[in-house]
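Produce the entire structure from the sequences given, and follow the hints as far as they go.
Each chain, letter by letter, is given below.
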Amino acid sequence: MSLEERTLELLIGPQHPASGHMRLVAKIDGDIVVELRPNIGYVHRSVEKLAEVKKFLQIIPLVERPSLADTTANNLAYVMALEKLLGIDPPERAKYLRTLLAEINRIHSHLYGLGIHGVMIGSSTAYMWCFGDREPFLELAQELTGARLTYSYIIPGGVRRDLPKGFAERAEKAIKYLEGRMKDYFDIYFNNPVVKARLEGVGVLSKEDAIKLGVTGPNLRASGVAYDVRRAEPYAAYPHLDFDVITEEEGDCYARVMVRVREIMESIKIIRQVLKEIPEGPILHESYEKLIPPKLREEMKQRGVVKFPSVFANLRVPAGEAISRVEGGRGEVVFHVISDGKLSPYRMRMVTPSFRNVILFEHLTRGARVADIPAIYGSLDYFPPEADR
Amino acid sequence: MKIEDLKNMIEENLRGIDVEITTREPNIIDVKVSRDKIIEVAEKLKGKGFDHVKSVTAVDYPGERFEVIYIVSSYESPLSYFLVSLRTSLPYDDPRMSSLLSVWPSVLYQEHEEHDLMGIEFEGNPRMGERLLLPESYEGIPPLRKEFKVKVEGIDA
Numbered sequence: 002m003s004l005e006e007r008t009l010e011l012l013i014g015p016q017h018p019a020s021g022h023m024r025l026v027a028k029i030d031g032d033i034v035v036e037l038r039p040n041i042g043y044v045h046r047s048v049e050k051l052a053e054v055k056k057f058l059q060i061i062p063l064v065e066r067p068s069l070a071d072t073t074a075n076n077l078a079y080v081m082a083l084e085k086l087l088g089i090d091p092p093e094r095a096k097y098l099r100t101l102l103a104e105i106n107r108i109h110s111h112l113y114g115l116g117i118h119g120v121m122i123g124s125s126t127a128y129m130w131c132f133g134d135r136e137p138f139l140e141l142a143q144e145l146t147g148a149r150l151t152y153s154y155i156i157p158g159g160v161r162r163d164l165p166k167g168f169a170e171r172a173e174k175a176i177k178y179l180e181g182r183m184k185d186y187f188d189i190y191f192n193n194p195v196v197k198a199r200l201e202g203v204g205v206l207s208k209e210d211a212i213k214l215g216v217t218g219p220n221l222r223a224s225g226v227a228y229d230v231r232r233a234e235p236y237a238a239y240p241h242l243d244f245d246v247i248t249e250e251e252g253d254c255y256a257r258v259m260v261r262v263r264e265i266m267e268s269i270k271i272i273r274q275v276l277k278e279i280p281e282g283p284i285l286h287e288s289y290e291k292l293i294p295p296k297l298r299e300e301m302k303q304r305g306v307v308k309f310p311s312v313f314a315n316l317r318v319p320a321g322e323a324i325s326r327v328e329g330g331r332g333e334v335v336f337h338v339i340s341d342g343k344l345s346p347y348r349m350r351m352v353t354p355s356f357r358n359v360i361l362f363e364h365l366t367r368g369a370r371v372a373d374i375p376a377i378y379g380s381l382d383y384f385p386p387e388a389d390r
Numbered sequence: 097m098k099i100e101d102l103k104n105m106i107e108e109n110l111r112g113i114d115v116e117i118t119t120r121e122p123n124i125i126d127v128k129v130s131r132d133k134i135i136e137v138a139e140k141l142k143g144k145g146f147d148h149v150k151s152v153t154a155v156d157y158p159g160e161r162f163e164v165i166y167i168v169s170s171y172e173s174p175l176s177y178f179l180v181s182l183r184t185s186l187p188y189d190d191p192r193m194s195s196l197l198s199v200w201p202s203v204l205y206q207e208h209e210e211h212d213l214m215g216i217e218f219e220g221n222p223r224m225g226e227r228l229l230l231p232e233s234y235e236g237i238p239p240l241r242k243e244f245k246v247k248v249e250g251i252d253a
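Chain order of the listed sequences is L and C. Every letter in the first sequence is one number past the one before it in our numbering, and letter 288, counting from 1, is 289. Every letter in the second sequence is one number past the one before it in our numbering, and letter 12, counting from 1, is 108.
Just so you know, the hints here were simulated from the structure itself, not pulled from any lab data. Don't take each hint at face value.
Stated by the list, open to error - Each computed DSSO-like pair below joins lysine-lysine, with the alpha-carbon atoms no more than 27 Å apart: (1) Lys144/C <-> Lys133/C; (2) Lys50/L <-> Lys242/C; (3) Lys245/C <-> Lys208/L; (4) Lys308/L <-> Lys296/L; (5) Lys213/L <-> Lys133/C; (6) Lys296/L <-> Lys85/L; (7) Lys245/C <-> Lys343/L; (8) Lys128/C <-> Lys140/C; (9) Lys166/L <-> Lys302/L; (10) Lys245/C <-> Lys55/L; (11) Lys247/C <-> Lys56/L; (12) Lys50/L <-> Lys245/C; (13) Lys55/L <-> Lys247/C; (14) Lys343/L <-> Lys242/C; (15) Lys103/C <-> Lys343/L; (16) Lys133/C <-> Lys343/L; (17) Lys85/L <-> Lys133/C; (18) Lys208/L <-> Lys140/C; (19) Lys213/L <-> Lys245/C; (20) Lys247/C <-> Lys85/L; (21) Lys213/L <-> Lys144/C; (22) Lys343/L <-> Lys128/C; (23) Lys56/L <-> Lys242/C; (24) Lys184/L <-> Lys291/L; (25) Lys184/L <-> Lys242/C; (26) Lys55/L <-> Lys242/C; (27) Lys98/C <-> Lys128/C.
Said to hold, decoys possible - Partner residues are not named here, just some residues of chain L that face chain C (Cβ under 8 Å, in silico): (28) Gly42; (29) Lys50; (30) Glu234; (31) Met301; (32) Gly305; (33) Val306; (34) Glu333; (35) Val335; (36) Asp389.
Beta carbons: idealized from backbone N, C-alpha and C, even for Gly.
Laid out in structure tokens, this is it:
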């Protein structure tokens with residue numbers, strides 16, 4: 002029999018094989034995957050095209066939507082690109098607040114990824130726990146920004162709201178709770194022999210391949226590459242903060258999970274530093290602040306909520322080209338904005354971590370067992386709408 | 097490492113090839129090259145440690161040209177701080193160039209996307225002719241081109 006006659010085509014999806022619509026087209030020989038191709042685009046929103054007809058500020062909610070569990074990264078990376086073109090550097094306090102939200106988001110994005118992975122390999126406990134334990138962090142984010150997921154918190158020149166009173170105490174409470182829970186996670190899930198058997202030595206990505214394929218985020222670091230944008234090209238308050246870039250050496254599904262778990266602990270470390278060291282001062286760049294009428298400006302300072310200066314409605318961004326990058330929960334977000342000085346970008350390229358990592362579906366499944374497809378898929382923390390954009 | 101040092105290193109590395117190298121503070125180096133020399137330049141950059149591509153951006157200047165920009169960098173410090181934007185222009189009536197897949201496997205999906213949505217041909221990329229994000233049945237103007245207009249929907253349409 003030829004290989005062609007022996008292999009069977011197996012279609013997985015597109016209706017929600019995990020988290021968002023995508024289809025995996027696998028050629029299998031018995032229960033071994035000969036070849037697998039991800040078939041993406043089911044949740045394509047044409048963000049890049051829409052950006053060309055939206056005004057610069059309207060694009061903030063647009064870029065957040067594809068990565069619902071990790072909106073801060075897109076919000077921040079997009080605004081950083083604008084700020085490069087505008088020549089604006091936000092005040093220090095705003096930088097700390099951006100970092101604070103980014104790390105709260107990283108924690109709940111990692112819990113989201115770990116939970117989805119859990120349910121994909123049959124542990125509904127991990128799913129329930131992770132999703133339940135995201136809640137205190139969603140609450141914190143909501144208290145800071147007013148929204149649970151789509152924050153649109155970061156604006157050119159600063160952030161929309163100041164730190165609420167008593168936030169540090171409530172953040173500490175959430176952090177202590179999660180630290181305590183981590184022991185339970187290890188007892189029930191991460192050190193569970195069944196979980197280890199399903200994840201260790203499965204879907205191994207070598208360091209060379211991780212680099213060659215341009216993989217990003219925890220998936221890259223789990224293969225021993227210590228690349229993190231927060232260190233490579235530090236932004237926001239990261240230059241002042243002490244944290245480790247987490248790596249693992251094995252490159253398997255378990256290593257990818259462990260990187261996320263350990264990164265949660267690093268995020269906790271960062272949040273504590275931010276809340277301790279955050280400087281006093283304005284949260285919006287003075288060149289925008291002074292455009293707000295004095296009475297409103299006073300009210301704004303008292304309430305800690307930014308009134309948008311009228312220039313924001315028709316914000317013109319000087320002609321030019323900017324590239325920005327941010328380390329989001331799932332990896333590096335890259336924005337490449339080309340402006341011709343009008344009200345919308347001439348071209349906006351948005352590269353998300355899930356789009357960079359989609360190549361792993363074909364690479365890691367070759368020769369794997371069909372039963373390992375969900376274990377591999379889940380370990381990538383891949384989010385179809387984020388890849389499709 | 098200073099950006100000027102890196103620029104000098106790249107200039108040295110690319111000596112003999114017709115390129116235009118400029119810098120944008122603090123960390124971007126633009127390398128402009130013709131489409132028939134881009135693979136050669138890519139290979140040399142890779143040899144210097146630029147190990148992956150972060151973005152492939154195709155830009156439409158209607159009736160005039162397409163510009164294709166590869167944002168290239170490294171996972172290793174100190175190069176990881178810098179971004180090289182390797183760019184080439186394609187004639188409007190013949191938007192084709194060599195794929196850089198043989199140099200950087202990380203461009204597989206990125207080139208495919210720019211093929212799908214902008215209609216650029218990357219010769220040597222095995223995914224040419226296939227759809228990525230658009231439906232299989234899609235025919236017509238590649239939607240990221242300027243001549244494709246976004247339809248207004250709703251009450252004001």
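Each hint tested on the structure:
1. Lys144/C <-> Lys133/C: Given pair lysine 144/C, lysine 133/C holds - Cα atoms ~17 Å apart, limit 27 Å.
2. Lys50/L <-> Lys242/C: holds (9 Å)
3. Lys245/C <-> Lys208/L: violated (44 Å)
4. Lys308/L <-> Lys296/L: holds (11 Å)
5. Lys213/L <-> Lys133/C: Judged against 27 Å, a Cα distance of about 22 Å means the pair holds.
6. Lys296/L <-> Lys85/L: violated (30 Å)
7. Lys245/C <-> Lys343/L: The given pair, whose Cα atoms are some 17 Å apart, holds under the 27 Å limit.
8. Lys128/C <-> Lys140/C: Within the cut-off at roughly 14 Å; holds.
9. Lys166/L <-> Lys302/L: Given pair lysine 166/L, lysine 302/L holds - Cα atoms ~14 Å apart, limit 27 Å.
10. Lys245/C <-> Lys55/L: holds (13 Å)
11. Lys247/C <-> Lys56/L: With Cα atoms ~16 Å apart, lysine 247/C and lysine 56/L stay inside 27 Å; holds.
12. Lys50/L <-> Lys245/C: It holds: about 9 Å lies between the C-alpha atoms, which stays within 27 Å.
13. Lys55/L <-> Lys247/C: With Cα atoms ~13 Å apart, lysine 55/L and lysine 247/C stay inside 27 Å; holds.
14. Lys343/L <-> Lys242/C: This hinted pair holds, its Cα atoms lying about 15 Å apart.
15. Lys103/C <-> Lys343/L: Not satisfied, since the Cα-Cα distance of roughly 32 Å exceeds 27 Å.
16. Lys133/C <-> Lys343/L: Distance ~34 Å between lysine 133/C and lysine 343/L Cα, so the pair is violated.
17. Lys85/L <-> Lys133/C: Violated. Lysine 85/L to lysine 133/C sits at ~31 Å, over the 27 Å cutoff.
18. Lys208/L <-> Lys140/C: holds (22 Å)
19. Lys213/L <-> Lys245/C: Violated, at about 37 Å.
20. Lys247/C <-> Lys85/L: violated (31 Å)
21. Lys213/L <-> Lys144/C: holds (14 Å)
22. Lys343/L <-> Lys128/C: holds (25 Å)
23. Lys56/L <-> Lys242/C: holds (17 Å)
24. Lys184/L <-> Lys291/L: violated (50 Å)
25. Lys184/L <-> Lys242/C: The given pair, whose Cα atoms are some 55 Å apart, is violated under the 27 Å limit.
26. Lys55/L <-> Lys242/C: holds (14 Å)
27. Lys98/C <-> Lys128/C: Holds. Lysine 98/C to lysine 128/C sits at ~21 Å (cutoff 27 Å).
28. Gly42: holds (4 Å)
29. Lys50: holds (6 Å)
30. Glu234: At about 5 Å, which falls below the 8 Å cut-off, the nearest Cβ of chain C leaves the hint on glutamate 234/L intact, so it holds.
31. Met301: violated (32 Å)
32. Gly305: violated (32 Å)
33. Val306: violated (31 Å)
34. Glu333: holds (7 Å)
35. Val335: holds (5 Å)
36. Asp389: holds (6 Å)
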